[in-house]
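One line per chain: the protein sequences are U and A, in this order.
For the first sequence, my numbering begins at 1 and goes up steadily by one.
For the second sequence, my numbering begins at 1 and goes up steadily by one.
What the hints contain is simulated information worked out from the structure, not anything from laboratory work.
Being a predicted model, the structure only gives us computed values, none of them experimental.
Every residue, glycine too, gets a C-beta built ideally from N, C-alpha and C.
One or more of the hints may lead you astray.
Restraint-style ranges between C-beta atoms, simulated for each label pair [stated by the list, open to error]:
hint, chain 1, residue 1, chain 2, residue 2, range
1, U, R26, A, R84, 49 to 59 Å
2, A, Q93, U, H32, 23 to 33 Å
3, U, T821, A, R84, 35 to 45 Å
4, U, G745, A, L107, 25 to 35 Å
5, U, G395, A, R84, 50 to 60 Å
6, A, T12, U, V785, 46 to 56 Å
7, U, S74, A, Q93, 40 to 50 Å
8, A, T12, U, R416, 45 to 55 Å
9, A, Q93, U, R69, 50 to 60 Å
10, A, T12, U, G304, 55 to 65 Å
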Amino acid sequence: MRRLFLKVLRRRRLERDLEAELAFHRDMAAAHGNPVPLGNASALKDASRDLWRFTLVENLWRDLVQAARGLRRSPVFTASALASLALGIGANTTLFSIGVELMLSEPSVRDVRSLVYVRLGEGSHTGFDTLRLLRDSGVFAEVAGEREESFVLWNDGTETRRLFSAQATRNYFDVLGVPVALGRGWTEADPEQVAVLSHRLWLRRFAGDPAVIGRTIRLNDQAFAVLGVLPETHRTLWSFGLSPEIYVPRHNDEDLAVYARLAPGQTLGDARAAVQGVARQLDASRPRSHGRRADAVSVTTVDGLGRLENRNIGSLAAFFGFLLGLAGLVLLIACVNVAGLLLARASTRRHEIAVRVSLGASRGRLLQQLLTESLLLAAAGAGLGFVLALATARGLAALPLPVPVPIELHIQPDARVAVYAAALALVATLVAGLLPAWQTARDSFVAALQRERRMRVRRTLVVAQIAASFVVLAAGALFLQNLWRATAISPGFDTRKTARADVQLPPAAYADRRRIDGFVDEALRALESVPGVSSAAAARLVPLTEADSSRATLTWTDTGERFTVQFNWNAVSPAYFRTMGIAVRRGRAFEESAREASKVVVVNATFLQRHGRGRELVGATFLWGDDPEPFRVVGVVADTKNVTVGEEDRPQVYQPLSQVASDLPRVQFVMRSAIPPVLQLAPIRQALRRVEPAAGLEVETMFSSIGMAFLPSQLGAALMGALGALGLLLSAVGLYGVLAYTVAGRTREFGIRMAVGARPSEIARIVLAGAVRLLGAGVGLGLAVALFATRPLAMFLMPGLSPTDPLAFASVAAVLALVATAAVIGPARRATSIDPARCLRRD
Amino acid sequence: MGNPAPALLQGTLDLLVLHTLRRGPQHGYAIAQTIHLLSDAVLTVEEGSLYPALHRLELGGAIEASWGVSENNRRAKYYAITRRGRRLIDEQQETWSRLSSAVDRVLAR
Numbered sequence: 001m002r003r004l005f006l007k008v009l010r011r012r013r014l015e016r017d018l019e020a021e022l023a024f025h026r027d028m029a030a031a032h033g034n035p036v037p038l039g040n041a042s043a044l045k046d047a048s049r050d051l052w053r054f055t056l057v058e059n060l061w062r063d064l065v066q067a068a069r070g071l072r073r074s075p076v077f078t079a080s081a082l083a084s085l086a087l088g089i090g091a092n093t094t095l096f097s098i099g100v101e102l103m104l105s106e107p108s109v110r111d112v113r114s115l116v117y118v119r120l121g122e123g124s125h126t127g128f129d130t131l132r133l134l135r136d137s138g139v140f141a142e143v144a145g146e147r148e149e150s151f152v153l154w155n156d157g158t159e160t161r162r163l164f165s166a167q168a169t170r171n172y173f174d175v176l177g178v179p180v181a182l183g184r185g186w187t188e189a190d191p192e193q194v195a196v197l198s199h200r201l202w203l204r205r206f207a208g209d210p211a212v213i214g215r216t217i218r219l220n221d222q223a224f225a226v227l228g229v230l231p232e233t234h235r236t237l238w239s240f241g242l243s244p245e246i247y248v249p250r251h252n253d254e255d256l257a258v259y260a261r262l263a264p265g266q267t268l269g270d271a272r273a274a275v276q277g278v279a280r281q282l283d284a285s286r287p288r289s290h291g292r293r294a295d296a297v298s299v300t301t302v303d304g305l306g307r308l309e310n311r312n313i314g315s316l317a318a319f320f321g322f323l324l325g326l327a328g329l330v331l332l333i334a335c336v337n338v339a340g341l342l343l344a345r346a347s348t349r350r351h352e353i354a355v356r357v358s359l360g361a362s363r364g365r366l367l368q369q370l371l372t373e374s375l376l377l378a379a380a381g382a383g384l385g386f387v388l389a390l391a392t393a394r395g396l397a398a399l400p401l402p403v404p405v406p407i408e409l410h411i412q413p414d415a416r417v418a419v420y421a422a423a424l425a426l427v428a429t430l431v432a433g434l435l436p437a438w439q440t441a442r443d444s445f446v447a448a449l450q451r452e453r454r455m456r457v458r459r460t461l462v463v464a465q466i467a468a469s470f471v472v473l474a475a476g477a478l479f480l481q482n483l484w485r486a487t488a489i490s491p492g493f494d495t496r497k498t499a500r501a502d503v504q505l506p507p508a509a510y511a512d513r514r515r516i517d518g519f520v521d522e523a524l525r526a527l528e529s530v531p532g533v534s535s536a537a538a539a540r541l542v543p544l545t546e547a548d549s550s551r552a553t554l555t556w557t558d559t560g561e562r563f564t565v566q567f568n569w570n571a572v573s574p575a576y577f578r579t580m581g582i583a584v585r586r587g588r589a590f591e592e593s594a595r596e597a598s599k600v601v602v603v604n605a606t607f608l609q610r611h612g613r614g615r616e617l618v619g620a621t622f623l624w625g626d627d628p629e630p631f632r633v634v635g636v637v638a639d640t641k642n643v644t645v646g647e648e649d650r651p652q653v654y655q656p657l658s659q660v661a662s663d664l665p666r667v668q669f670v671m672r673s674a675i676p677p678v679l680q681l682a683p684i685r686q687a688l689r690r691v692e693p694a695a696g697l698e699v700e701t702m703f704s705s706i707g708m709a710f711l712p713s714q715l716g717a718a719l720m721g722a723l724g725a726l727g728l729l730l731s732a733v734g735l736y737g738v739l740a741y742t743v744a745g746r747t748r749e750f751g752i753r754m755a756v757g758a759r760p761s762e763i764a765r766i767v768l769a770g771a772v773r774l775l776g777a778g779v780g781l782g783l784a785v786a787l788f789a790t791r792p793l794a795m796f797l798m799p800g801l802s803p804t805d806p807l808a809f810a811s812v813a814a815v816l817a818l819v820a821t822a823a824v825i826g827p828a829r830r831a832t833s834i835d836p837a838r839c840l841r842r843d
Numbered sequence: 001m002g003n004p005a006p007a008l009l010q011g012t013l014d015l016l017v018l019h020t021l022r023r024g025p026q027h028g029y030a031i032a033q034t035i036h037l038l039s040d041a042v043l044t045v046e047e048g049s050l051y052p053a054l055h056r057l058e059l060g061g062a063i064e065a066s067w068g069v070s071e072n073n074r075r076a077k078y079y080a081i082t083r084r085g086r087r088l089i090d091e092q093q094e095t096w097s098r099l100s101s102a103v104d105r106v107l108a109r
């Protein structure tokens, strides 16, 4: 700081001062009769001037040029260091860019800063009436609504398909300013029957034909005009890559997510207070039994951290955090490799460095120069890693995921990711470069050269490397075991002999729910008559593809005891339990609708266990919410999983499909088949198509439809496993390097030993013992760290699988030992094949 | 000239300059003269190394410079040692004694 200040302050005066100072010196010398030393006056001035220039920057440039030259001279060293760094930085950047895209990407709207997401105390979505009330209240400049998860049926002339659609208010495109690639978005002046296509739908189903604009397509059996096509990289407000295939104006009464434009100058706090006012009015005019709306108001931004706040993604963020931590360890392993290489290289450069020191380079300058080399390596490594990461992340994002909604991640070069890669490069420079540079600089000043000490440093580094890979591998092993357990867990229903059909009915034709009931009955008869289908049932939800989690306060009518229960809900037809292979433990399943006189439910074993209180549940009745008619429990069935196979069993309540008011024209069917269900898919489709040709059909085997349930464990195993493998590879290279270097350095010693009669096996034992010591220390240290570091993983693992699972840890130690053995073979063989005579004659 | 003056080792000139300035602020020529005289005329500090060293020390904060008037009424740049400079003397003196005794030891064998 002081230097900079002085330099800036004095630079202008420098020339004049220097002249005057030197003139004074000469005059004095002349006056005293001393000979003026014959110096090169201009060189002197140069030297003085140099001091006042920004030498740091100038030196840096010189060092960079020199380092580049040096690296080019040793291509093997450079290539192996670059490969390590590119892999390490690439792995980190890949995960980071996916995480950023998934959680922090900016939605495609105009002026994202002034857009907010509003909750009016009615959950994540709000009724249209309330939305209109909010708009009329004038709290915001503008208010729009969007329902991003609904379906429309599209008939392309030959077949009806179900499209994943978003429905939005008429002012949606105006308020949000969503960019449109082709054509335009709708305005309030447009008729209701218009649509905007996603880029993917346009490419896949309309062959990317620009003439699609203005064309009429049939949606839900009505004519819609195509107005526009969204850009390829459209990012929805909901984020997480969720990408509806088509946008249409709101056409039913489903609740909407509310987005609003802040008025100029309006802050989030202002808006929140004003929305609270609206909610209070609502509470006063339309009070509800379960809590006041005003207590649950939130107004958050739609990008960045604000969005993270209002989406429940704690565990996703934690998962990414853990992945990044592991990837950081992998980078550390890579850096240690580079540090090892630099140390080895330093000993071959001793001569060059000695010359430099004798020419007057200070230790600081030397350090700076050596670090510049690592900086250059790290920067090049980061560049390569960035490119690698972009390709890998794109590849990963393009993998189809077994989820029921279309997910598109648009991985693009991103400034945040670039900054992250650059920061990693700096860290890598210091981690990989500082120790070797410091050691080299010190060695060159303290003359007694210390190969031994340098070896000690390298051995320590390798121990750290083995420890780090132990931790990374342990996480990978835990997740592999997790996946193995997940696939072994029974979801509680038959997934091998069953199939599922998801039927979307044209809403206009099925506005009357009795028509839906009629369709269900007819479809069940048609399905049961398909040869090979032994039973068929209808259900609102098929477990492990969708779940409905509710919370309710129930009251036992006999004792008057009230209790609150969080349960999974479903509505099913009588044959459901038989078809799915869910055992009825007590009582009975539902009977044909005509015979169920009163309201009945079936509960699961966990419900009985938690809320039965020793009561004989079958026959007991309870009151549910505001419904005056009691519900009678007629049966208890076995538990099933509902969202993931790893979840804890939860209470479940089933209602007969016939007793549940249906507001959606959607029905699902499950079929049990005597022959492999994959062979039944076509006949099932035909049977359903005959009953309602205009329905949208998704027919698949149960086994393939529940893929989503295994997704967390599969993703975990794949990602952690890949990191573990990468870490293992890198540390194997490091271990090999250090062993090979040790053997090379002890060639003479081994030669002497063999000359005085040592057998090759004894030499091999020395080399092996060295490797075993390193491995033992590394595994011990890694085990100690892993015992603590893997503890937070418990939240992602199956119940019953401990994050310190002995089997996982033991297998990691075994794998490391195996890799170490492979790494030691080469050096050991080299050591035993030393020719004592040649070796002794050498100097 | 008979025997050439021995070249100063890197770093030792700094130490000599600082040591000289401990007696009070001096201009460059006086510093060179003092070193010359104190070394019994063995060491001759050339201006080519003196002034860069002075500037380096000034930048490092070991000495401070100001323009003053010399004994013969001319404008001259005077250098004065700072507290940091005094600390530096102690450090460099120790380095120097280690170095010189090491050289002695080597030569004694």
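Hints versus structure:
1. Separated by about 31 Å at the C-beta atoms, U/R26 and A/R84 break the suggested range of 49 to 59 Å.
2. In this structure, A/Q93 and U/H32 meet the distance hint of 23 to 33 Å, their C-beta atoms being roughly 30 Å apart.
3. Checked against the given bound of 35 to 45 Å, the beta carbons of U/T821 and A/R84, roughly 57 Å apart, lie outside it.
4. For U/G745 paired with A/L107, a C-beta distance near 32 Å keeps the hint of 25 to 35 Å intact.
5. Checked against the hint of 50 to 60 Å, the pair U/G395 and A/R84 passes, with Cβ atoms roughly 58 Å apart.
6. Checked against the hint of 46 to 56 Å, the C-beta distance between A/T12 and U/V785 comes to roughly 49 Å, which is consistent with it.
7. Separated by about 41 Å at the C-beta atoms, U/S74 and A/Q93 satisfy the suggested range of 40 to 50 Å.
8. The hinted window of 45 to 55 Å between A/T12 and U/R416 holds, with their beta carbons roughly 52 Å apart.
9. At about 39 Å, the beta-carbon gap between A/Q93 and U/R69 misses the expected band of 50 to 60 Å.
10. Roughly 59 Å separates the CB atoms of A/T12 and U/G304, a value that falls within the hinted 55 to 65 Å.
Consistency note: the structure conflicts with the earlier hints numbered 1, 3, 9.
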